[in-house]
Structures are given as structure tokens and as C-alpha cells.
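Visitor: This is what each chain is made of:
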Amino acid sequence: MATVSTPWYRMDNASVMYSAIQREDYSAIYRFSAFMDREVDPAALQRAVDRAMPRFPGFAVRIRRGFFWHYFEPNPSPGPFVREDSADFCRPVRFGEDNGWLVRFLHYGRRISLEVFHAVADGAGALVFFRALLAEYLRQLGEDIPAGCAVDLDSPPSPGELEDAYLRHAGRVSRSFTQVKRAYQDLGTPEPFYTFNVTMGFVPIAQLKERASALGGTVTEYLSAVLIKLLLEKQRQERVHRQRPVALGIPVNLRPYFPTETLRNFIMTVQVSADPRLGDYSLPELVSLVRCQMRLYATPQNLRAVMTRGVKLQYNPLLQLIPSVLKNPIMLRSYRTSGVRPYTATFTNPGYFALPPEMSAHIEHMEVILGQAAVARPHISAIGYGGTMEITFSGTQQENDLEREFFRYLVREGMHVRVESTRG
Amino acid sequence: MSYCVNCGVELGAGAGSCPLCHTPVQNPHAVPDNDAPPFFPTRHEGVEPVSRRMAGLLLSSMLASVALCCGILNLLFYRELWWSFFPGGAAVMLWVWFAMPLLFRRLSAWCRLTLDTLAIGVYVLLIALAVHGLDWYLRLAVPMLLCAVCVCPTVIWVVRYRRLSILSSAILVLLTAGFLAAAVELFCDLYLRGVWRPGWSLIVLISCVGLCIPLIVIRRVPSLREEARRRFHV
Chain A
1 MATVSTPWYR MDNASVMYSA IQREDYSAIY RFSAFMDREV DPAALQRAVD
51 RAMPRFPGFA VRIRRGFFWH YFEPNPSPGP FVREDSADFC RPVRFGEDNG
101 WLVRFLHYGR RISLEVFHAV ADGAGALVFF RALLAEYLRQ LGEDIPAGCA
151 VDLDSPPSPG ELEDAYLRHA GRVSRSFTQV KRAYQDLGTP EPFYTFNVTM
201 GFVPIAQLKE RASALGGTVT EYLSAVLIKL LLEKQRQERV HRQRPVALGI
251 PVNLRPYFPT ETLRNFIMTV QVSADPRLGD YSLPELVSLV RCQMRLYATP
301 QNLRAVMTRG VKLQYNPLLQ LIPSVLKNPI MLRSYRTSGV RPYTATFTNP
351 GYFALPPEMS AHIEHMEVIL GQAAVARPHI SAIGYGGTME ITFSGTQQEN
401 DLEREFFRYL VREGMHVRVE STRG
Chain B
1 MSYCVNCGVE LGAGAGSCPL CHTPVQNPHA VPDNDAPPFF PTRHEGVEPV
51 SRRMAGLLLS SMLASVALCC GILNLLFYRE LWWSFFPGGA AVMLWVWFAM
101 PLLFRRLSAW CRLTLDTLAI GVYVLLIALA VHGLDWYLRL AVPMLLCAVC
151 VCPTVIWVVR YRRLSILSSA ILVLLTAGFL AAAVELFCDL YLRGVWRPGW
201 SLIVLISCVG LCIPLIVIRR VPSLREEARR RFHV
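Quick note, the sequences are listed as chains A and B, same order.
Each residue of the first sequence is one higher than the one before, starting from 1 at the first, in the numbering used here.
Each residue of the second sequence is one higher than the one before, starting from 1 at the first, in the numbering used here.
Hint data in this document are derived by calculation from the structure and do not stem from the laboratory.
What you are looking at is a predicted structure, and each value in this text was computed from that prediction instead of being measured.
Mixed in with the good hints, there may be bad ones.
As the list claims (entries may be wrong) - Ranges between beta-carbon positions, derived for each pair: (1) A/D88 with B/L75: 36 to 44 Å; (2) B/L58 with A/R64: 17 to 25 Å; (3) A/R64 with B/V5: 49 to 57 Å.
Claimed, not checked - Just a few of them, taken from the derived set where beta-carbon distance is under 8 Å, the chain B residues facing chain A: (4) R43; (5) H44; (6) V96; (7) D189.
To be verified - Quick look at which bits of chain A chain B covers, simulated, 3 or more residues with Cβ under 8 Å: (8) 69–76; (9) 191–202; (10) 410–418.
We treat Cβ as the ideally placed atom computed from N, Cα and C, and that holds for glycine.
Just chain A, with the same shape it has in the complex (with noise of 0.2 Å):
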């Protein structure tokens, strides 16, 4: 009798990683929120999500545990369904647990979540998906929302939204392109299991491209320039014996350097860093800096290099035949060297989220968190929707200053800002 084979993909090479750093207590995950214009409908959200998950095969997914790699294959357990918001943000995904989905669907009052295991997509991904439920969503409520405002939910998916843009768009050079091996690493002490502090800062995008503009650089640059100011003020009243250097790591999204169609992971982090052992910055230095580098070494030949040395890394058929239980290890090792130990902290920017006026008129703003840290530090993250940017700090730290600061000077930049956090 012939059996019917499940169909599966392999990893690409993020999610490899993330597959292999992922623990019972730690998980890289991310959440977008749209905040409505009027309660939550649970029910016409569930059905929202019902119809938008089998056109994206790609969320619908569950990890398997190979010998070798850990793979997707579709997942046909029942959901996911949608379930009331709790203060326990972007908790651990565990893959035996949940019916093995990797996405999770929550409502609070007038604020829709969809929370993504980055194993699955990235950012940019996950806002392709969140803009056609969201679109959904807003038809089951009876609003009349032009089919061209989102992905059309009736079409078929499109294989090129599966591919590994990674593995198609790796040359033959590889490179590393790290510039700080050790940064200065602002940990805080850890909350107790699972305390997760979120605060958000909305911001006028207008005051704040203003700002960004006299000096000569976009929001992107301005806001990493002034966290990193921040950052060696900090360093320097910690009077450490040896000052580092400060380093962000700033995801990049690839799609703009090569075509490509897919809703899975394709980004690629860059460093800037700016060492306070040769001296004193202004913001209109840092800011000079971080535009410099940004340009430097965000380039398609770089990229290119970078991407080929992580695809290299994971087809390397001696790799390949060590078996996971031994690799995972390994690589949790080497993610502490090359993902924790280069970065002061991570900066995450995935641009201005626009929306048809149909659908901007439901939706008040938009958020996004990133979810906890490998180890106690903060994640700042932003997204800009309307005439607004929000930015979040989370972590599991106990320590607040660094939001503290930063939103205070932007307050001392002439900005207004206002802020809500969990920490109450």
C-alpha cells in the first residue's frame, strides 16, 4: 500500500540558530499589536484566523527533532486559536506544548497580538501576515475592505514565499564582518521566571524625523546614535576597570538588496559601535558615525559575503553529519560568541508600517516587542505607523535606566513623549 509522505522544508540558516538556541526558559520571539479603534472581537478574530492561516503554509508550521538538523512540517493539530492577552509577554515557546504551534494569536481590549518564533519568519514576514489578518479581521466585522489592501486570502500561496532566500542568494565568498568581538555588556539583574517588563515610548515621527534630519540622519540612525550615547554615559559611571566598546546590533532586511519573495527569515544583523577609549562623542558624531558604518557595511557585496559564510556553515557536509544533540550545543556556544558577547544591545527598526486608509481608520497604533534577551539586557524595538514611532524597551531585567534616560532626552530634545509600561 502506498503511503503518503508528510511533506517537510528544511531550516534556513536563522532558524537554525534560533531552533538550536531555544530552551524551556528562553525563546527568540517577537510580537506585533494593532491597537483597534473599538474592542476585540474574539469570535470574528478566531475566524479571521482560520481563514488567513492555510494561505501562509509557512506559519502553519510545527518543529520536528531530525537526527541531524530539526526540521518544519506542516502542522495539523487543531488551531491555533485565539486566546486572551496576559501580562506573560512572549513567553518561551515549547514545541512539545501548545500543539506545537510556533505563532500565537491574543486580544486585550482593543489590542490584537500575533507572536512569531523567529524560527519562522522574520519581522517584515510577520507584518505581511499580520496586515492580511488584520484586513480579515476588519471583513468579518462587516467593514468593506478592498481586496487589493492586503494579500488576497483566496489565492493560492506562492511557492517563492517558502524559498530559503538565503540559500539562493549566498555567492562564493564568504566573509565575517564583526567589527567589536567584545562589547560592553549593560546586563541588569534577572527577574525571577517568567517576569517580562515592557515599556513603550510613542513619539511624533514628525519631531522626531525633524530632529533626525538636522543632523544629517534618518530616524533609524537617530535613534541608535542617541541609545548609544546613552550607553557610554552609562558605561562611564559604571567606572568599569576597562571601558569596551558600546555596540548595536541593528537587523537589516534583505529584500530590499535581493529580490525575493519569501516570508521567511532574511535579515542580516549589523554592527555599530563606537569605542569610548578613543575619546568623547556628540550626538552629531554618533550620528555621523552610525550613518558611516550603516553605509559601510550594509552593501549587497557584503551581505552576500556574510550570508555565504552562515549557508556555507550549514551545508558543510562535516557539519552535517554531526548529529543535533551534539551541534545544538555547539552552536548555543557559538551564539554566545558571535550573538551576545559583539552586541550591547539590539536595535530593531522594521520601518514605517503603512496602511490603506480602509484599514488605518480601525486602527489606532501599531506596537512591537521583542521578546527577552539570551541574557538580562534590553531590546529596544520601533515601529512607526500613522503620524506616530513606538518604542519598546523589554527585557527581564530589574533596572530601568537605560529607558529612563533615553526617554528623557528625548523629552530634553524638544520631543513629546508618552509612555506606558508594565512596571507600573
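Using the hints provided, position chain B relative to the given structure of chain A.
Guide: The following block gives chain B in isolation, referenced to the frame of chain A:
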């Protein structure tokens, strides 16, 4: 709406204090609305930490069953030798190494390291009992293990918690290695010949001291230290 007088940020409608600096809100024109739903959910679902205890119990039961089975088999077969002490001792040692950290998570690293070394001592004791070698155990194995128990955790504690620089750590580790080599030869000589005649360990010790001297000089002279950092990217 209220603003924090310290930070200058606008606060949420229900905020009784600034979340950044905890300054209380005292605005008679905008009393905090305690009835307004909080901006973020406050209900905790209680994310359970992983049950390491169950894993520890499972491992304990597996190791105990191995030791028990070997003990029973030893009573039936090859009774002239207490061979079950070998797998039984190994089971005890493995339990201390792997199951105990799962069951007793609050044990300090220093304490665990000491217990790990003592577990080796117990294992070697069982071997000594099985082969009637209590003499070499007491005169050779016990002093060596005690020496390791005293020195290794202390060095690890100093390096880890005193936040020594790389150079200071390297000096300490080198001197410890030299000292341990000398101690091993001392115990071997005392057991075999009854008198200490330093030989190979002296070469190790002097080499370690010789390596330490330039490191100490580099550690003491700031310009050299800076140069070494630059050259070795540390």
C-alpha cells in the same frame, strides 16, 4: 493628562506614578482614573519553568535500577569478586554529576564542584574495596583528591567571582598547575619510596613559574599591558 515632573513624559490616564522614576502623580486637574482598564493586561498565566525535578527523578531511578540489578546479579554470579561495586560506584558518581544538579538547583557551583570531586573519591573507594586496595586508596588517592578538592574550586571561585583580569587568571592557573604537578609527584613518591625526590614535577613547576614571570611584568607595567591588549586583541 498628567506629565512626570521629573522625566517630562506624558503618563497614561490610569498612572498613579511615573513608570520611569516612580514619582507619584499629584495633579488635582487630572486625578488618576483607577476604574479605567490598564493599558497592558495584568493577569499572569503563570508560565511554568521546566520540570527539571522530574528529569532528575527519572535519571535517579534509572541509575538506581542499574546499581540494584548489578548488586543482585553479583550475589548470584562471580561471587568471589565484588564486581558490582564498579557499575554501582559509577552510578553513584553519575548521579552526583548529573541528577543532583537537577534535583537540588540551589546548590552553588562551588559546592557542586566539591561534591563532584568527592563522588570520584567514593567511586575510587569502591574500586579499592573491591580489589582489596585500601592501602593505595588511603595513601595515594585520598591525598590527591583532597588536594584537588581544596585547590580547584578555590581557583575557580577566585577567577570567577573576584573578576580577575585575563593575565591574573593565567598567572593563577599556571601556578596552580605547577603546584598540583608537584603535589602529585610528592604523593606518588611517598607511597612508592617513602621519600620525596622531586623530578619531572620540578620541570613542570619551574616552567610554570618561568611563564608567570613575564606575565607578572606585563601585568605590573601599564604600557606593556596596553601593548599586549592591542597585539592580542583582548
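Visitor: So, for every hint listed, does it hold in this structure?
Guide: So, going through the hints one by one against the coordinates:
{"no.": "1", "hint": "A/D88 with B/L75: 36 to 44 Å", "in the structure": "violated (54 Å)"}
{"no.": "2", "hint": "B/L58 with A/R64: 17 to 25 Å", "in the structure": "holds (23 Å)"}
{"no.": "3", "hint": "A/R64 with B/V5: 49 to 57 Å", "in the structure": "holds (56 Å)"}
{"no.": "4", "hint": "R43", "in the structure": "holds (5 Å)"}
{"no.": "5", "hint": "H44", "in the structure": "holds (5 Å)"}
{"no.": "6", "hint": "V96", "in the structure": "violated (21 Å)"}
{"no.": "7", "hint": "D189", "in the structure": "violated (40 Å)"}
{"no.": "8", "hint": "69–76", "in the structure": "violated (count 0)"}
{"no.": "9", "hint": "191–202", "in the structure": "holds (count 5)"}
{"no.": "10", "hint": "410–418", "in the structure": "holds (count 5)"}
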